[in-house]
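The letter at position 63 of the sequence shown is residue 72 when you use the working numbering, and the numbering goes up by one with no holes.
The hints are simulated quantities; they were obtained by calculation from the structure and are not laboratory data. Cβ coordinates follow ideal geometry from the N, Cα and C atoms, glycine included. Please note: incorrect hints may appear among the correct ones.
Claimed, not checked - Derived lysine to any residue pairs resembling SDA-like cross-links, with alpha carbons at most 25 Å apart:
no., residue 1, residue 2
1, Lys130, Ile90
2, Lys20, Lys39
3, Lys103, Asp91
4, Lys20, Pro56
5, Lys130, Glu87
6, Lys103, Asp35
7, Lys151, Arg170
Unchecked claim - Restraint-style ranges between C-beta atoms, simulated for each label pair:
no., residue 1, residue 2, range
8, Gly64, Val150, 34 to 40 Å
9, Glu111, Asp35, 47 to 53 Å
10, His80, Ala105, 29 to 35 Å
11, Asn77, His40, 29 to 35 Å
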Amino acid sequence: MGGDFVDNLIKIGISSCLCGEKVRYDGGHKHERQLTETLGKFFTLLPVCPEVGSGMPTPREAMRLEGNRAHPRLMTVESRIDLTDQMRSYCVEKVAELQREEICGFVFKMNSPSSGLHRVKVYNSGMPVRYGRGLFAAEIVKWFPHLPVEEEGVLADAILRENFIERVFTYSRWKGSR
Numbered sequence: 010m011g012g013d014f015v016d017n018l019i020k021i022g023i024s025s026c027l028c029g030e031k032v033r034y035d036g037g038h039k040h041e042r043q044l045t046e047t048l049g050k051f052f053t054l055l056p057v058c059p060e061v062g063s064g065m066p067t068p069r070e071a072m073r074l075e076g077n078r079a080h081p082r083l084m085t086v087e088s089r090i091d092l093t094d095q096m097r098s099y100c101v102e103k104v105a106e107l108q109r110e111e112i113c114g115f116v117f118k119m120n121s122p123s124s125g126l127h128r129v130k131v132y133n134s135g136m137p138v139r140y141g142r143g144l145f146a147a148e149i150v151k152w153f154p155h156l157p158v159e160e161e162g163v164l165a166d167a168i169l170r171e172n173f174i175e176r177v178f179t180y181s182r183w184k185g186s187r
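Make the full structure from the sequences, and use the hints.
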């Protein structure tokens, strides 16, 4: 009986590193225990790491966005390898999977060149000149335009976290009524 309840919880995506998975470029994590425990009471958390999902190792070389803000390239910092196409291929597959999962929200890792939602640095000639959105986060927002999305930093605020939870429930009801 308890398993049925868990199986019926609303699903939300969340950056894997926020769940304590050691998937970051340095082999570490950024577990946000309060966030995952709070959201886990209401939702089934579906951890997603675009870097690992696209075949990149852990640990790995640091990456950053470079070039045009609207169409940045994902580049390794030292060896200058362009990983944009590899990441974009993964994004297409993962978006389709998340559509099948019928996610109702997503929590992204701020400042990430793949998962940052707001103010991710985009470099030009070695200097951060503009701010953009991580490649994976951009695809999620494009394919799920009404989906409640936030970065973990915003959800540290109890009022904003409660607002996000309410938006996820509202989105779920809206999807169910269509």
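Each hint, compared with the structure:
1. Lys130 to Ile90: Satisfied, since the Cα-Cα distance of roughly 18 Å is no more than 25 Å.
2. Lys20 to Lys39: holds (21 Å)
3. Lys103 to Asp91: Since the Cα atoms of Lys103 and Asp91 sit roughly 20 Å apart, the hinted pair holds (cutoff 25 Å).
4. Lys20 to Pro56: holds (10 Å)
5. Lys130 to Glu87: holds (17 Å)
6. Lys103 to Asp35: holds (23 Å)
7. Lys151 to Arg170: holds (23 Å)
8. Gly64 to Val150: 34 to 40 Å: violated (23 Å)
9. Glu111 to Asp35: 47 to 53 Å: Violated, at about 33 Å.
10. His80 to Ala105: 29 to 35 Å: violated (22 Å)
11. Asn77 to His40: 29 to 35 Å: With Cβ atoms ~34 Å apart, the hint holds.
Checked against the numbered hints listed earlier, the structure breaks hints 8, 9, 10; every other hint is satisfied.
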